[in-house]
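I would like the entire structure built from these sequences, with the hints used as guidance.
Those protein sequences? They're chains C and W, same order as listed. Heads up, the first sequence stops at 122 in this note's numbering, and the numbers go up one at a time, no gaps. Heads up, the second sequence stops at 107 in this note's numbering, and the numbers go up one at a time, no gaps.
It is worth saying that the hints were derived from the structure and are not from the lab. We put the beta carbon where it would ideally sit given N, CA and C, even for glycine. Watch out, some of these pointers could steer you wrong.
Stretches of chain C that chain W covers, calculated by requiring three or more beta carbons in the stretch to come under 8 Å of a beta carbon on chain W [as the list claims (entries may be wrong)]:
hint, segment
1, 30-36
2, 98-109
3, 112-118
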Amino acid sequence: EVQLLESGGGLVQPGGSLRLSCAASGFTFSSYAMSWVRQAPGKGLEWVSAISGSGGSTYYADSVKGRFTISRDNSKNTLYVQMNSLRAEDTAVYYCAKSFSGDHLADVFDIWGQGTMVTVSS
Amino acid sequence: DIQMTQSPSSLSACVGDRVTIICRASQSIRRYLNWYQQKPGKAPKLLISAASSLESGVPSRFSGSGSGTDFSLTINSLQPEDFATYYCQQSDSIPITFGQGTRLEIK
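Next up, the structure:
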């Protein structure tokens, strides 16, 4: 079964840092681009970042550029996002999502994790 | 960035009704338009990709159409499990963008 499982969320103070992980199983992880998508409480979906299958190409939304870093460890089938300089507006459920078409960064997301909540508050 | 605008933002309907949700892109996205369903506390679920390609396991009462800038999602004969929030998403270019969502409620 194809599955994504996020972890690492929690409560952090403004200006703090957090690293989220997404463990993948059931597919050839290195063959697929992956993304992070977030959803603030009661709000819509916002794409955050994407990474190619090799990890050699990365893209970010303007709202997180310079503060978030996406990465992956294909030997561990795990996707990461390092979040620094966190702000109250980063409070959201963070989902990892698998690209449908392989190593295509702008893509439809066919598999989503269950999400992990990040709360930025003092 | 490509802006995605959905209408309506919310919609009330009865079981058995037919409803249509519209999604408009700020520039042509060819047919790179996808639809997701999200229920409270759950991750989004892919319903339709490439404007009209129904995902495996999705009931045939769901259908999508459109190309360029104008797209629609139609649900025929609404079932109780269809009441949820629906999002469109463009996958034509980075940054990927979503519509603001359409909340479908029971009348």
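Results of checking the hints against the structure:
no. : hint    : in the structure
1   : 30-36   : violated (count 1)
2   : 98-109  : holds (count 6)
3   : 112-118 : holds (count 4)
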